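Participant: Sequence order for the protein chains is A and B. 1 is the number of the first residue of the first sequence in the numbering used here; add one for each residue after it. 1 is the number of the first residue of the second sequence in the numbering used here; add one for each residue after it.
No wet-lab data here; the hints were simulated from the structure. Each hint should be verified, as a subset may be incorrect.
Identical chains share a label here; the pair holds if one copy fits it or two copies do between them.
As the list claims (entries may be wrong) - No farther apart than 25 Å at their CA atoms in a straight line, the calculated lysine-lysine pairs in the DSS-like style are these:
hint: 1; residue 1: 226; residue 2: 242
hint: 2; residue 1: 352; residue 2: 150
hint: 3; residue 1: 163; residue 2: 303
hint: 4; residue 1: 76; residue 2: 104
hint: 5; residue 1: 365; residue 2: 164
hint: 6; residue 1: 302; residue 2: 242
hint: 7; residue 1: 39; residue 2: 227
hint: 8; residue 1: 365; residue 2: 287
hint: 9; residue 1: 182; residue 2: 29
hint: 10; residue 1: 104; residue 2: 400
hint: 11; residue 1: 363; residue 2: 104
hint: 12; residue 1: 204; residue 2: 248
hint: 13; residue 1: 227; residue 2: 163
hint: 14; residue 1: 227; residue 2: 363
Bear in mind the structure is a predicted one, so any value in this text is a computation, not a measurement.
Residues per chain are reported as follows:
Protein chains: 2
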Amino acid sequence: MKKNTDNNMAFPRGTTWTPVETALSDLKKSLTMNLKCQKIDVSNSLGFILSEDVFAKRSNPHMANTAVDGFGFAFKSLIGPKNFLNLIAEQITPGSDIICDVPKGSAVRILTGASLPSGVDTVVLQEEVTVLENKISFDCNIKRGENTRKAGEDVKAGEVILKKGLRIRPQDIGLLVAAGLKEIGVYLPLRVGILSTGNEIVEKFNDQDFNKTLDANRPMLMSIMKKWGYKPIDLGHVVDDKHRIRDKLNQASQVCDVIFTSGGASTGKEDHVSRLLKSDGHLYHWKVAMKPGRPLALASWKKTPVIGLPGNPVAAFVCTLVFGKPICGLLSGEGWVQLGSFNIPASFSKAKKTGRREYLRAKIKDGRAEIFHSEGSGRISGLSWAEGLIELPEDLEKVKVGDLVKYMPFSGLV
Amino acid sequence: MKKNTDNNMAFPRGTTWTPVETALSDLKKSLTMNLKCQKIDVSNSLGFILSEDVFAKRSNPHMANTAVDGFGFAFKSLIGPKNFLNLIAEQITPGSDIICDVPKGSAVRILTGASLPSGVDTVVLQEEVTVLENKISFDCNIKRGENTRKAGEDVKAGEVILKKGLRIRPQDIGLLVAAGLKEIGVYLPLRVGILSTGNEIVEKFNDQDFNKTLDANRPMLMSIMKKWGYKPIDLGHVVDDKHRIRDKLNQASQVCDVIFTSGGASTGKEDHVSRLLKSDGHLYHWKVAMKPGRPLALASWKKTPVIGLPGNPVAAFVCTLVFGKPICGLLSGEGWVQLGSFNIPASFSKAKKTGRREYLRAKIKDGRAEIFHSEGSGRISGLSWAEGLIELPEDLEKVKVGDLVKYMPFSGLV
Chain A
1 MKKNTDNNMA FPRGTTWTPV ETALSDLKKS LTMNLKCQKI DVSNSLGFIL
51 SEDVFAKRSN PHMANTAVDG FGFAFKSLIG PKNFLNLIAE QITPGSDIIC
101 DVPKGSAVRI LTGASLPSGV DTVVLQEEVT VLENKISFDC NIKRGENTRK
151 AGEDVKAGEV ILKKGLRIRP QDIGLLVAAG LKEIGVYLPL RVGILSTGNE
201 IVEKFNDQDF NKTLDANRPM LMSIMKKWGY KPIDLGHVVD DKHRIRDKLN
251 QASQVCDVIF TSGGASTGKE DHVSRLLKSD GHLYHWKVAM KPGRPLALAS
301 WKKTPVIGLP GNPVAAFVCT LVFGKPICGL LSGEGWVQLG SFNIPASFSK
351 AKKTGRREYL RAKIKDGRAE IFHSEGSGRI SGLSWAEGLI ELPEDLEKVK
401 VGDLVKYMPF SGLV
Chain B
1 MKKNTDNNMA FPRGTTWTPV ETALSDLKKS LTMNLKCQKI DVSNSLGFIL
51 SEDVFAKRSN PHMANTAVDG FGFAFKSLIG PKNFLNLIAE QITPGSDIIC
101 DVPKGSAVRI LTGASLPSGV DTVVLQEEVT VLENKISFDC NIKRGENTRK
151 AGEDVKAGEV ILKKGLRIRP QDIGLLVAAG LKEIGVYLPL RVGILSTGNE
201 IVEKFNDQDF NKTLDANRPM LMSIMKKWGY KPIDLGHVVD DKHRIRDKLN
251 QASQVCDVIF TSGGASTGKE DHVSRLLKSD GHLYHWKVAM KPGRPLALAS
301 WKKTPVIGLP GNPVAAFVCT LVFGKPICGL LSGEGWVQLG SFNIPASFSK
351 AKKTGRREYL RAKIKDGRAE IFHSEGSGRI SGLSWAEGLI ELPEDLEKVK
401 VGDLVKYMPF SGLV
């Protein structure tokens, strides 16, 4: 058990804060997807998003086959508790061209995956059979169709196997191939522009830059978009100059489907990005009641959505997951994605202010969720320490050890 | 609640089965990592694995700064419950080159992220301050250092920030940049050969191929390796011919760090892959007590590890996650990775044979884990339906509705 005490950041009073859910649901309503489609090879489709339902071209299995190595026969051949069947000399192997007919009272040796020959509807495991020259014997403890797979039991030709909007995973590629697909219709990948702003930002640190900040956000955000399967576009860095930011946004809106900026999203006099989005674009939300991530602009510029992230990398990262993931999902054709979560007992206690949603850097240890030793949003190292986020709801006042909290893991099996 | 009844596949009796954990721990001991290192740019390092510990070149923050927009002053200037401080005309913005000295009794306006000028150790939020021409007033409800971030509070120059073996995520790239790194040492990506075997396998389906199977495994396995950050190498398909398989393995072992084969891993007479691995290579394990995935060969060929997967795509997929993920982790330099899991109440009931571990295709609905309507390992569509796997331990006999089961999600936040 740990107690978190170094929360040195006060929450301003007397201003209007938009709840996270309100901001999200307004965004969901206001955004639309405008991507074109293309045809691509199934084998190169990992991470692309289906632009149409996919229909099976071939049943899977194409023919009935055996799930085991054994002996195939007609179930009606069985006559009592112990059975003797004539053994046909042939052996049916997967893919073999042998066409054989198995009459009632006979059996044929057949190997896993081989199509059932005419006359066979049931397979007995080889381990359960005694082979006696031209006969086999086994106890009749078997059901009709045992150890076999019916033609089309997995997929029937002509049926929808994958729906429009699916982001293709490795297992979906397996299914597409098995169902006879070679080419599929997908959306062009979402082009996500990443722009850093602020006089304090430098790409390279020189000795005289004692009060400058290295641009951690741009490469971090670029790689998030890459990992999500999008096409990140590096828009570089601009200083706090209204005209330069305007020019950059004008250019970017021509080549990007959505733009993420970081920095300049606070209420300070130098925050040209947010003021510009308000005066020249459309600003949907301004102060979202969440921590980290208080200064967050959600806007549009010449019809291109702009997400104005805080300059702080921790806040920028969390806001990108919470807002950017569903927004990019919607704009990419995948649809509004929900963040996957699990209820996990907390290994910590913590007091929380009501009225805002909080995200904590967390990991699981011995089945319990623990949190980073500091909630300070300047602590980038906490993002690397973490393996997921905990989301605490607006009305929550405290977390006690053992309370279930909502944990969202960063990574999964595949 | 659903009951699963269509388990038409019997488990052979009277043979020796290796428990999953035994196979895994033997493999862990027998495998070694042999990859070379390289230097790469931090911005291109997503998914690479650190070949050495990384030391911070710069502290983060480099200088003490303010976490909010407000007024900075020396804490010792505060004298009572209500305070009046002289307001300095300057404004300190992030990255500005203004060097100002703030004497005791004075305050300076300062914006989020700006370095604290000399004399300032505490910042009061602008919302809590009344500005009166050349003075500001506020109630003294503030701690020393409030709303500030100390130099190096996140990372100190010279300390280890990321450990050898880490697979680099977007947030790690953020940390590396913030800590002044431009280049890092990583391992060359693991080269993973993917080979399909079997006379029944075709890449393209013609009308006369009524009893052939389309090669779903190869593109599926290639894309798993791609998604895991490895370099998949397409070794194509070979028919069940001992000499051709031997030639292929000889070639492949020259250019791959590990080889995954699928098909030919059963006990049937046509299973050249497993017999060849036994006669010409080293076979570690043969019959692993798990479902799906009974025929699984774990071997080496001219010192290159070979994972002989079942031909069945469902079994091949599950075995790749359960065995392939930790094996590739170890061989890639990341180390033996544990599959992340969560305990989730079951929405199904199921009887289970003891003595083997079972993996079920699953997803979460309303906080409970549900399973695919069929456990048949021919059902590839179940892999696409699923969002994770449930692992049932060897000694378990049944699952009741509401029992906690071990759920392993396929995907995460980022």
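Participant: Take the hints in turn and mark each one as holding or not.
Facilitator: Consistency of the hints with the structure:
For the homomeric pair residue 226 and residue 242, neither the shortest alpha-carbon distance inside one copy (29 Å) nor that between copies (42 Å) is at most 25 Å. Proximity of residue 352 and residue 150 under a CA criterion of 25 Å is satisfied inter-copy only: 23 Å between copies versus 58 Å inside one chain copy. In this homomeric assembly, residue 163 and residue 303 never come within 25 Å of each other (Cα to Cα): the closest approach is 28 Å inside a single copy and 44 Å across copies. In the homo-oligomer, the alpha carbons of residue 76 and residue 104 lie at most 25 Å apart inside one protomer (7 Å), although the nearest pairing across protomers, at 101 Å, exceeds that limit.
In the homo-oligomer, the alpha carbons of residue 365 and residue 164 lie at most 25 Å apart only across protomers (21 Å), although the nearest pairing inside one protomer, at 38 Å, exceeds that limit. When the C-alpha separation of residue 302 and residue 242 is checked against a cutoff of 25 Å, the pair qualifies only within one copy, where the shortest distance is 16 Å, while the shortest distance between copies is 64 Å. With identical chains, the CA atoms of residue 39 and residue 227 are at most 25 Å apart both within one copy (22 Å) and between copies (21 Å). In this assembly of identical chains, the alpha carbons of residue 365 and residue 287 never lie at most 25 Å apart, being 34 Å within a copy and 33 Å across copies at closest.
For the homomeric pair residue 182 and residue 29, neither the shortest alpha-carbon distance inside one copy (35 Å) nor that between copies (41 Å) is at most 25 Å. In this homomeric assembly, residue 104 and residue 400 never come within 25 Å of each other (Cα to Cα): the closest approach is 70 Å inside a single copy and 42 Å across copies. Neither within a single protomer nor between protomers do residue 363 and residue 104 lie at most 25 Å apart by alpha-carbon distance, with minima of 62 Å and 44 Å respectively. Only within a single protomer do residue 204 and residue 248 lie at most 25 Å apart by alpha-carbon distance; the minimum there is 21 Å, versus 49 Å between protomers.
Both within a single protomer and between protomers do residue 227 and residue 163 lie at most 25 Å apart by alpha-carbon distance, with minima of 22 Å and 22 Å respectively. In this homomeric assembly, residue 227 and residue 363 come within 25 Å of each other (Cα to Cα) both inside a single copy, at 21 Å, and across copies, at 23 Å.
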